[in-house]
Each structure stands twice: as structure tokens, then as C-alpha cells.
Amino acid sequence: MAKVTIDGVEMEVPDGTTILNAARSVGGDIVPPAMCYYSKLEGSGGKCRTCLVKVSQGSTNDPRPMPKLVPSCRTTVMDGMVVENITSPEVLEARKGVVEFLLINHPLDCPICDQAGECDLQNLGYKHGAAATRYEEERRTYKKIDIGDKIKLHMDRCILCYRCTYVADQVADGDRCHGIINRGDHAEISTYIEKAIDSDFSGNMIDVCPVGALTDKTARFGSRVWFTKPMDAHRDCDNPKCSGKVVVWQKGEDILRVTGRKDAYHEVDEFICNTCRFEKKKASDWVIEGPRHINNKSVISANHYEHLKDIKEDVEKYQRQVASNINKA
Amino acid sequence: MGRKLLLEHINVPGIETLEVYRKMGGYSAAEKAIKTMQPDDITEEVKKSGLRGRGGAGFPAGMKWSFIDKKSEKPRYLVCNADESEPGTFKDRYLMEKIPHSLIEGMLVSSFALGAKTSYIYIRGEYFYVLRILEKAIEEAYAAGLLGKNIFGTDYSLDVHVQIGAGAYICGEETALLESLEGKRGNPRMKPPFPAISGLYASPTVVNNVETIAAVPHIINITGDEYAKIGVGRSTGTKLISASGHINKPGTYEIELGLTVEEFIYSDEYCGGIKGGRKIKAMIAGGSSVPILPAHLITKTANGEDRLMTYESLSDGGFVSGTMLGSGGFVIMDETACIVRHTWTLARFYHHESCGQCSPCREGTGWMEKVLHRIEHGHGSMKDIDLLVDIAKKIEGNTICPLGDASAWPIASAIRHFREEFEYHILHPEKVKDPKHFAHEPFVSSKLENV
Ligand SMILES: Cc1cc2nc3c(=O)[nH]c(=O)nc-3n(C[C@H](O)[C@H](O)[C@H](O)COP(=O)(O)O)c2cc1C
Ligand code: SF4
Ligand code: SF4
Ligand code: FES
Chain A
1 MAKVTIDGVE MEVPDGTTIL NAARSVGGDI VPPAMCYYSK LEGSGGKCRT CLVKVSQGST
61 NDPRPMPKLV PSCRTTVMDG MVVENITSPE VLEARKGVVE FLLINHPLDC PICDQAGECD
121 LQNLGYKHGA AATRYEEERR TYKKIDIGDK IKLHMDRCIL CYRCTYVADQ VADGDRCHGI
181 INRGDHAEIS TYIEKAIDSD FSGNMIDVCP VGALTDKTAR FGSRVWFTKP MDAHRDCDNP
241 KCSGKVVVWQ KGEDILRVTG RKDAYHEVDE FICNTCRFEK KKASDWVIEG PRHINNKSVI
301 SANHYEHLKD IKEDVEKYQR QVASNINKA
Chain B
1 MGRKLLLEHI NVPGIETLEV YRKMGGYSAA EKAIKTMQPD DITEEVKKSG LRGRGGAGFP
61 AGMKWSFIDK KSEKPRYLVC NADESEPGTF KDRYLMEKIP HSLIEGMLVS SFALGAKTSY
121 IYIRGEYFYV LRILEKAIEE AYAAGLLGKN IFGTDYSLDV HVQIGAGAYI CGEETALLES
181 LEGKRGNPRM KPPFPAISGL YASPTVVNNV ETIAAVPHII NITGDEYAKI GVGRSTGTKL
241 ISASGHINKP GTYEIELGLT VEEFIYSDEY CGGIKGGRKI KAMIAGGSSV PILPAHLITK
301 TANGEDRLMT YESLSDGGFV SGTMLGSGGF VIMDETACIV RHTWTLARFY HHESCGQCSP
361 CREGTGWMEK VLHRIEHGHG SMKDIDLLVD IAKKIEGNTI CPLGDASAWP IASAIRHFRE
421 EFEYHILHPE KVKDPKHFAH EPFVSSKLEN V
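In order, the protein sequence lines correspond to chains A and B. Each residue of the first sequence is one higher than the last, beginning at 1 in this note's numbering. Each residue of the second sequence is one higher than the last, beginning at 1 in this note's numbering.
Read the hints as simulated data drawn from the structure, not as lab findings. Glycine residues also receive a C-beta, built at the ideal position from the N, C-alpha and C atoms. Heads up, a few of these hints could be off.
[Stated by the list, open to error] Between beta-carbon pairs, the in silico distance windows are:
| hint | chain 1 | residue 1 | chain 2 | residue 2 | range |
| --- | --- | --- | --- | --- | --- |
| 1 | A | D79 | B | E73 | 44 to 54 Å |
| 2 | A | D15 | B | K249 | 53 to 63 Å |
| 3 | A | N182 | B | P75 | 27 to 37 Å |
| 4 | B | H373 | A | E12 | 44 to 54 Å |
| 5 | A | Q321 | B | K74 | 39 to 49 Å |
One chain only, chain B, in its complex shape (with noise of 0.2 Å):
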């Protein structure tokens, strides 16, 4: 059994209550912090803990916070992102929903930490009920004096507000949060400036994944240095996992960072194997928008070292045969899944999602998808897959957020280690009429058979 900080308690019935959440220790963290922390000092632990961002990009926590601007006269704000919209991740909606309070405890003390006096928790427009579960707990946590006014008897003072958004993707890319926060529409700002300089309504802002945040009374608990001990090298302490797809047990795991690939897909503590006991065909690591791998690929990287659960061994091999631990959002595919379908899905959602703000990712995104929508239905031609390859690099590293990224990585890599199927697609149009059709006849390319 890995060691467990965020789900620890998460069967214990009544969790979701601030009573029950104190008596299993909760708000001991905020109180030990407020009352006998300096603010620095709390980001010193937070720094040593080695904690990584959780909403994606993996930056370290505690540098994030001390970039703040502290001579700044105006107010900092601290933002909790729980627009939670990649594909395949749901991970923070598992622990608001389950215990909220280990949400509100992380932003009152990571709001000591920065200084911030109001805080915002900007949930996606979908998870309305896990708003009102949040805004249930927040009630609480005021009537409790554990917010609002001289917390603790000390003279700090703290308001956390939820905001909803309206179920757009991109406003869980930082600045369009901000800009969606500030009531105007949710376009993501050039950088710089970054927001620890100018963020939410041009004040020093820290904007924090709602893990991220939530892992912040642990490391108070248990001290940074003790946090740094789990995991390997610069993958420090616990990581929840949203897994799903053709796996026997889909749902969220808190696992040890450093855990391997093959014991997260195998073991019966979390994914309990491939469903049906068909074959593994392809895994996409940390939600959608990391690159997919090949079955060859996911247990073990290319110089065949034991492929593990962190930020650098998914990412061993670069994008030739590498992935990114991303959000957590592991998706598993079996021989029955059709990887061309699948891209056009995606494909399907980043033209949706996209902003429309710069002409890459705007026109690109759509393009993308109708050529994959071709492939798919059997209408598509040999030079359509080389074509996709040319759109995806010209929209890759030329726009102004990262979404132009994300929508150019699954389709680079889909056709990297997947051409055959989609050169299957164009040479056998009559074959793939059926949407379903590798269900029945199960589509393994040549390389996978050696597996």
C-alpha cells in the first residue's frame, strides 16, 4: 500500500463535514500555520517539500509563490483553479466533492502564506453540484471562525469566494481564469506580464490547481522535508490519478509519485488490469492533451528502463517516445479502441474549445478536425496524414497559450506511433464504415504484435 495524505480519510463517513473532517485532524494544519508560522516561512517548507504544480505544467509550487510581487501596494490575490476540463481528468472534482474542507483548509493557508486577504475558488460551469457542496463547506468553515475575521484570535482575516464559470475549457488556462474571474471574456493574456506581477484585477495573483493547494496543510502537517521523501528525485510526495478507459477498475488513485507504470495498470489496488483480458493498445498519461503511447512504449521507456509514475520518467524519450505526467488524467485503450477515431475526437473537442484569438490554433484547430473527421469516415487520402503532421507543427510553439499545444501533441503523436491504422483508414474505406469498427475486429499494427 503507498502512503496516502489527500484520500486518507476519504472513506470515513461524514467526511464531508467540518466536524468530522476536525475530528480526523482537520484545520490542525491551518491552526499550527497562522499561529505559529511566519508567512515565509510556510513557502520555505512548501519549497522544500519539492510539491509540483498538479494542473498540468508541473512547476514548483513554492517558486511559484515566491515570485509574488510583495512590493506591490496592491491587494494579492490567491486563485484556486478548479475548471478541472482536460478530458480524462476528474480528480479535483473527487476530492471537493468528497472533502471540501481539505480544499478550504489548503487556500486559508496558503492565503496566510502569500498575504492574500480574499481568495477565489473558480469552479467549472459543469460541477455545479460540487458548488454547492463547496459553498455548504465555506458556510461552515464561517460559522466556525475558521474564515472571516482575526482567525485563530490572530489578526489575520480571510474571505474565499467560489466563482462559477460557464463550461468553457480555455478558462482553465490561468489568465483566461482571470480575465473569465474579472466578469470579462475568457481570452488568455499575453505573458508577461505573469500574474504574480499582474494578474487578477492587475494585482500580484498566485493561481494554484485545487491538488496543489489541497497538498499544502499535508506538507504543514508532516513538514517539507518529510513531503520530499515520497517519490523520486524531483517528483516529491502524492499524486491523485483520474484512471479510466478499458481498465477493470476506472476511478481516482492517490499513488506514491515513483510507482510504476505496470503495477498502476496491473495491480488490483488500482486499475486491477485490461478489461476483458484483451490487449493493451495505447495509454495517454496525463490527460488529453499529452501525447499518446504505444503498447510497446507505456511499461517501459525506449532504452527499456521500468517506466514510472513521474514527471521524468514519462517524459524519458522526450516526444519521440515519451509522454507528460500532465494533469493525471491516465486513459488506458485495448485493441478494440480505434486510435484514429479517438484523434478525431479530440480533435474534435480543441476546435471547440479554442478561443479564436490567434489565427494558429484558431483556424488550424478546425482544420485538424475535418481532416480527421475524412480519415475516420473512409473519405481521406494518403497526403491528408502527412498534411495533419504540417498543420500540427505550424500550430505548435506559435500561439499565444498553450491549448494551440494541446491540440497539435495528441495528433502529432497519434500519427507518430500510430500510422498503419490510419493508413488502414484510407486504404480500406469499406472496412471503417462501421463507427464501431475495430470492435469487432480488433486492429493491431504490426510493431504491437511483438509485445
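One chain only, chain A, in its complex shape (with noise of 0.2 Å):
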């Protein structure tokens, strides 16, 4: 076991836990947001640099800090570790740096975008980003693609976190064709000259996505997510991989979308198979067993999250400090 302290919270983990895992273990604002690691898929992290925490003692032996700001999610905690997340402003400035990058060519078409409401992007923006933009230039663009017959690529808002090529190469088996091509800002997803993926797991790239790049197309425009129930439901599938175990979006009666049950971290529980996610779309179909608790805290998605007495306390906490902003001037 290693005991770590992280912005000032101490806890003791197994040897070997990342920064971001022991921080999960405590939960709450000392948690980095973690854009491209994804506990259920190997190999994945490192790369968007959201969850980039100063490391201010090494361990108990080697109390020496680390040189370099270090990604929480692929960097082992040592026993005297004492790690610093929102209270270095050393982090916090690097962190605003790396939202700006995610956003300059990102084409912010929330409106009509279906992630919008449950957007990792949008989260981090709000809680992380500038008001303002100091791009002044194009941004990039992309033709829209489809992957196999159920998702839609909209390459414009990903943010090349891989996630979805784990998917593909770990989850959906299958051949491997689903991966990147070209390189830095000009590298995209492809699907090797657009060749469908047909696999019975590979809508779960659309749940692993943290953005609207991949959307599925059984349910796009379908609805705002918020306007949606999301309930817990299950049903008795006949994949052996399948759990059966899935949230159902809900307008009326109707089933808009089916998902993987996802946790605060926006992390399914279980991946689940196409024929549950694309072709069970009758309340009929389903075992309802009640309401989802989603206690991802969003901003626009706030009317139907317990977190809203959160949000509301930091509403008014932003409104005082205003208040007392203009007292002073």
C-alpha cells in the first residue's frame, strides 16, 4: 500500500494505483478530468493532457519533486507521494491551456450536436476554459462518414483521444480496420477507406466517445438529452458477451436511444451489444427497473442530475463574488 496526498486529502491505495485512480478512490473536486484514459481499455491515456497534476514530493525516500507537470492517469503513485491538482495554479493555468487547444478547431455546434447535455468537452470547458476565443483562424474541417450502417464519424469535434480504436481493437473483434491516419492536426479517424465495421460491440465506441464525434444514428436528432428519462433497464440477451444491462432514454413511452450504464467518470459499467443498442427500441422489449441516477455533474444537463444543489451552490457562489466585484469597483 502507498500512501498519497492529493491537494491536501491523504488516502492510502494498492501499489501501483495511477494519481487519477487513487483520486477516484476519494472522489470530489481533487479528481482530474480525464479526457482520453478510460479504465476498461488497455493502454488508453497519456495523450489529451487534461489530467496533467504537479507532483510536488516523489515519495518518502525520494521526496525530490517531479521536473514536469505529469499525467495523473498513467503516472504511479509512490508511497509519500504528495500530489497537487486544483490547488497548483501551475496546474490549473496548464489545464486552461490544454481546453483551448481541444477547442480552437472544434467547430462549438453544441446546438446541434446529440452529445451536447453529456458532453466531457463541454464539461471541462465550463469548469476549465476561457469565456473567449484567441483563435482567429479557420478551423479544420472534415467530410461527415459513416461507420458501418448504425454510426455516424463527424470528425470536426473529435479530439483524437483513441479511445474508440481501443474499442475497436479490444471490444469489437473483428479485422482490425478501425484506427488513425495521417498525422498531428490533419490525423483522422478512418475506418480503412471508410470500410464498415461490423461487429456485435462496436456501438460502444459511440459510448466511450467523450464528445459528438460518434453518434448513433438510430437516434441522432432524435432529441435533446435532457428532454430524455434515462432508466435503468435490462433484458435477457442472447449474447454470451452481452449483459443485457443498459440505460433506456425515454420520451413518453417511446425509446429514443440505448446506452451502457455510465458512471460519474462517464465510464460504462459493461459494454453492451449492437442488437441491445440499435434494435431494442419498444418499452416492449425492455425490463424498466426505474430511474437512472446519473451524478455526473453537468451544467446543461442540470435539470434532470442530482447534482443540482451543487450547481446551485456554485451558482451562488459566482453570483456573490460578483456582487462583491461590483461593491468594490
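Work from the hints to combine the two standalone chains into their complex.
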């Protein structure tokens, strides 16, 4: 076991735990945001750099600070390590930079994007971004692509987190044909020459995608997510690898969309098969268990989510700040 | 005349052949090492020599070798980094093209020291003709029993393969190189683990630059102690410098580390002075990634000492007034050069070469290029200059591999030392319309006038 301190909070975690997972074991504000790491996908993480933290003491044995900020999702803890996340201005500054980088070429088409309301980039932007852009150049654009007949790829929105490529490799079996072509900011997700991915589990790409780059064609433009009711549901799925445990997103009695069950960090508990996701859209297909408790804090999705109280407090705090600034001025 | 090791026999006709190479004493170091020395003794000699990696970072070679995981059951590999894609650097090519056996002998001695039975040379895609030269030399070496089974009649056997890249700068970064060598997309890996623990095919691996490996036989020949006597302080031995730009004699030179920058630029043995007797404006000492220095910091450091061609002296003053020896790509610019145009060109290169894995480098390199393009073409505004500084700051140190830093440093240093030139472009858009603007009307900033 290793004792770690993150933002002044002490915790003990098994050796080999990453800083990010140590923070998640406690939860709350000390958890760095993660846009590319996905605990269920091997090799993920390290790329987006939103989870950078400062290690101000390496370990009890070697207390020297680490010279650079480190990605908390790929850095393992040492006994006696001291980590600064939101208590470090340097971290916040770097994170703000990362958010800006992720947004400069983003189309900002939230008003017509299906992911709006449950988008990690949106949430990240609200929490850590700046209100205005400094980017005056043309944004890059791509053509929309079909990945198979059920998934739409909107490359303009992609943040190249690589999660979907890991799903293609590790969850959806079949020929490896989904990956990344080209380099740098001209890199793009591709199913070699738009070859359709046909695997029973390809739909999980949609769930792991942190943004609206991969969307469900059977549900696209169906409804804003905050107008739908998330309900836990299950069915007796005959695919041995699928638990049949899902969330159905309902409007009235209609099921508009089926997804995996996501936790506080927007990771699904279990991957689900394409039949459950794309083909079972009648209420009679499912045993509805009851309302889904969504505990991911999101500004847009406030109507439906449990953190309403927190958000209200945040807003009030902000209002007080503004008021006191005005009074000072 | 400085002492020559690597290029001593460069002008001997036929030195590219095994026959002439051996006549000049070639492969005697390999024979001595394999027949009479223990692998660890060789590593010890290399440690004593103080030889530092010649690929850019200057990490002590002997120390790197001693990190290799000896407890692992897996095979060990030596991988030679011949990707040489840093703009301004062309020394490895010269060595491989002219004296290919010096690299192969180096591979032999180094592989023996590391206990590697298979070794690779990863060469950049554009060096196709050099690949042919190396393959021919390797064939000769196999035919003479210098590679393959039971070398020099001992039980040591070694295979050396050359693998050609597809022309990506990022594949020179050692872990991207290993990915590419394994047949994958050339994305740098997250470290740790370092290659010495888990490198090629997840086995213990050492990656060294061509020049580093080629120096090893010379160390065996003259001993590590003797090698360490050349040079100054922790900058020991000789170093190949690729000199280009506005100088009278561009080319690849072997220098003793510790030579003054002044002598290197102005003596007829090396660069032979500035072209046309014009005023010097800037120096890039170690390849495009290192900070650019203005005239008044080239031959003297900020505190007035002679600037030497050593790792330490070039970096004297940190990034405020110093730079780095890097890979030895030495570029001189005179008063007719436009620093903004030059910086934009480099930004274009890094934008094109970023692998795109991490957000700051992927997005930041493109952004910086676009802003610099605007400034250079007379469409910039004053706030763009500080914007560039800020973007560079947000990339630096926050990426997976050093390409991010390498894209930020040239821009940050160009603005640090040549801000007036950037301002001039913004204030006089009509004057910079002609792409050769400063060629006709040299621009020298007020700071430079006093040099
Ligand atoms: C973007 C990038 C490009 C690089 N290109 C080269 C190269 O072309 N040749 C080289 O020897 N080292 C290159 N390096 C350095 C290598 O990663 C590595 O440090 C070097 O090969 C180690 O050899 P050395 O210790 O002998 O210098 C590059 C590094 C980076 C970050
Ligand atoms: S499409 Fe989505 S999951 Fe795939 S790399 Fe882009 S952002 Fe990540
Ligand atoms: S710094 Fe640039 S080149 Fe290096 S891994 Fe990140 S994106 Fe790729
Ligand atoms: S979550 Fe750690 S770098 Fe992306």
C-alpha cells in the first residue's frame, strides 16, 4: 500500500495505482478531469493532457518534486507522494491551455450536436476554459463519414483521444480496420477507406467517445438529451458477452436511445451488444428497473441530474463573487 | 588542426570499401574488443570516455548502456538511430555515406558490449541511396566473417539489419522509432518504461545515434581515458558539426569539443567566415529545435566569456541567453535573413511533423504556424506576438515527447531575441510583401547595431 496526498487529502491505495485512480477512490474536486483515459480500455490515457498534475514530492524515499507536470492517468503513486491538482495555479494554467487547444479547431456546434448535455468537452470547457477564444484562424473541417450503417463519424468534433480505436481493437473483434490515419492536426479516425465496422460490439465506440464525434444513427437528432428520461433497464440478451444491462432514454413511452450504464466519470459499467443498442427500441423489449441516478455534474444537463444542489451552490457562489466585485468597483 | 577520429580517413580513396577500411586499421577495435575484452569492460571504457549521446540530448552513453536490464530473459537489442531529420543536421549521412564500415564496426563492438545478438539500423526514408551503401557494406562484412556466426572465431554471433523509415521526423524520437520498427504507427510511447527495460518488442533495448555508435571503436582503440582528454570538462571527444547557412564553407566538420565558436565560424579550417563579408545576425547551434541566438550572444556568453563549442558553454545562460549543442546542426544567418520567415518555416515543419497524439502539440503547432504565417505576410497584429509566446509556453513541458518543446523553443527564442523584427513586420506590412524583403534591404535591429 502507498500513502498519497492529493490537494491535502490523504489516502492509502494499493501499489501500482495511478494518481488519477487514487483520486477517484476518494472522489470530489481532487479528481483531475480525464478526456482520453478509460479504465476499461488497455493502453488508453496519456494523450489529452487534461489530467496533468504537479507532483511536489516524489515519495518518502526521494522527496524531490517531479520536474514537469505529469499525466495523472499514467503516473503511478509512490509511498509518501504529494500531488497538487486544483491547489496548483500551474496545473490550472496548463489545464486551461489544454482546454483551449482542444477547442480551437472544435466546431462549437453544441446547439445541433447530439452529445450536448452529456459531453465531457462541454463540461471541461465550462469548468476550466476561458469565456472567449483567441483563435482567429480557420477551423479544420472534414466530411461526415458513416462507420457502418449505425454510427456516424463527425470528425470535426473529434479530440483524437484514441478511445474508439481501443474499442475496435479490444472490444469489437473482427479485422482491425478502425484506426488513425495521417499525422498531427490532420490526423483522423478512419475505417480504412470507410470500410464498415461490423462487429456485435462496435456501438460501444459511441459510448466511449467523450464528444459528439461518434453518434448513434438510430437516435441522431431524436431529442436533446435533457428532454429524455434515463431509465435503468435490462433484457435477457442471447449474446453471451452482453449482460443486457442498459440505460434506455425515453420520451413518454418511446425509447429514443439505448446506451451502456455510465458512472460518475462517464465510463460504462459494461459494454453492450449492438442488438441491445440499436434494435431494441420498444418499451416491451425491456424490463424497466426505474430512473437512472446520474451523478455526473454537468451544467447543461442540470434539469435531470442529482447535482442540482451543488450547481445551485456554485451559481450562488459566483453571484456573490460578482456582487462583491461590483461593490468593490 | 584539431584531432580527427571519425573523419580521419575520410579522404582516403576507396574508404567506403571493406578492403581499404581494414587497411587503415578498421575492425581492429572490434577484434580487440571481442577477442580480449569482457562486455562490461567495454561499457566501462565508454563510461570513462565521457562520450555523450550525439543524437541531441547528450545523455552519457556508458550510463545508458549500464541501465540495460540484464536480469530479463528476453533478447537484448541495439538500435541505431539513423533517422537524422532535424533541419540543419546532415552529419550522420556524411559518415554513413563515406565510411559505412565505421558504423558497422561500432554496431559490432556496441552490440557485443550489450550482449545483443540482433541489431538494427533505422534509417530515414529519404536516405534511400545511403541504405544501399550500408547494405553493401553489411554484405561485405558478412562475407568476411565480421558479422554472422562466430565472429573472429569466438562464440559471439551478430546479425545487423537495416530498416528504412517512411520519412517521418517523429520516427527519430527513440520510442516512436521502436514502434515504427515493430511495424506500427510511429507514435512516441509514454515513458516509463524506458527502452533499457522495455524497448523493441518489449525487450531491453539501447537506442543510440549513428555518431555515438561510430565513436565507440575509437574509444576502444585509444582507451576511454585518452578519449576523455580531448575536449573540455564534461564535453569530451570530437563531434561532427553540420554547418550551413550564410557561411563561406558549408559542410560537415569534425571538431574537438571546446573549440571556440568564433574560430569555428571564422577560421578557414571550418566555416570560413560569413558570406560576402556581411554582418552576422543569428546562430542556431544544434539543429532547428534549439533556441536561436542573436549576434551579440554568439561568440561571447552573456557574462562576456568566450563561447565554446561544448554542451555546457552553449547552454550557458539557460534559455535567457544560451542555447544547446543538440545534434550539431549549425546554421548561420546574416543580416539579409528574415527571422520571422525563418521561424515560420520551422513552425511549418513542426506542424507537419507532429504525430498528433497529445493535444498541446497537435493543436499548438498548427496554431503557431498560422499566426506566424500571418505576421510574415503582413497581416499580423501586435497582440499576436504575445499570443505566440503564450502558446509556446503552454506546449512546453506539457507533452508526451520532446517534439512539443522543440516546436516551442525556436519560436519563443526568436521572439525573445528578435522582437523588433516581428514588430517591424506588423508595423510595415507593405515592406514585407516581397518574400525576399530583407535580402534587398537588410534589417538589423537597434540592439545589433552595436555589435
Ligand atoms: C522529435 C525527435 C526527433 C529526434 N530525431 C533524432 C534523430 O533523427 N536521430 C537521433 O539520433 N536522435 C534523434 N532524437 C533523439 C532520440 O530520441 C534519442 O535521444 C537518441 O537517438 C539517443 O541516442 P544518443 O543517446 O546516442 O544521442 C530525436 C528526438 C526527438 C524528440
Ligand atoms: S471519434 Fe470520439 S472516441 Fe474516437 S478518437 Fe475521436 S473523440 Fe475519441
Ligand atoms: S509532443 Fe507532439 S510529436 Fe510528441 S507525442 Fe505529443 S503530439 Fe506526438
Ligand atoms: S486522461 Fe490523462 S492524459 Fe488524457
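Structure-based check of all given hints:
1. At about 29 Å, the CB distance of D79 (chain A) to E73 (chain B) disagrees with the hint of 44 to 54 Å.
2. Between D15 (chain A) and K249 (chain B) the Cβ separation comes to about 59 Å, which falls inside the hinted range of 53 to 63 Å.
3. For the pair N182 (chain A) and P75 (chain B), the beta carbons lie near 34 Å from each other, so the given range of 27 to 37 Å is met.
4. Between H373 (chain B) and E12 (chain A) the beta carbons are some 53 Å apart, a value that agrees with the proposed interval 44 to 54 Å.
5. The beta-carbon spacing between Q321 (chain A) and K74 (chain B), approximately 58 Å, falls outside the hinted interval of 39 to 49 Å.
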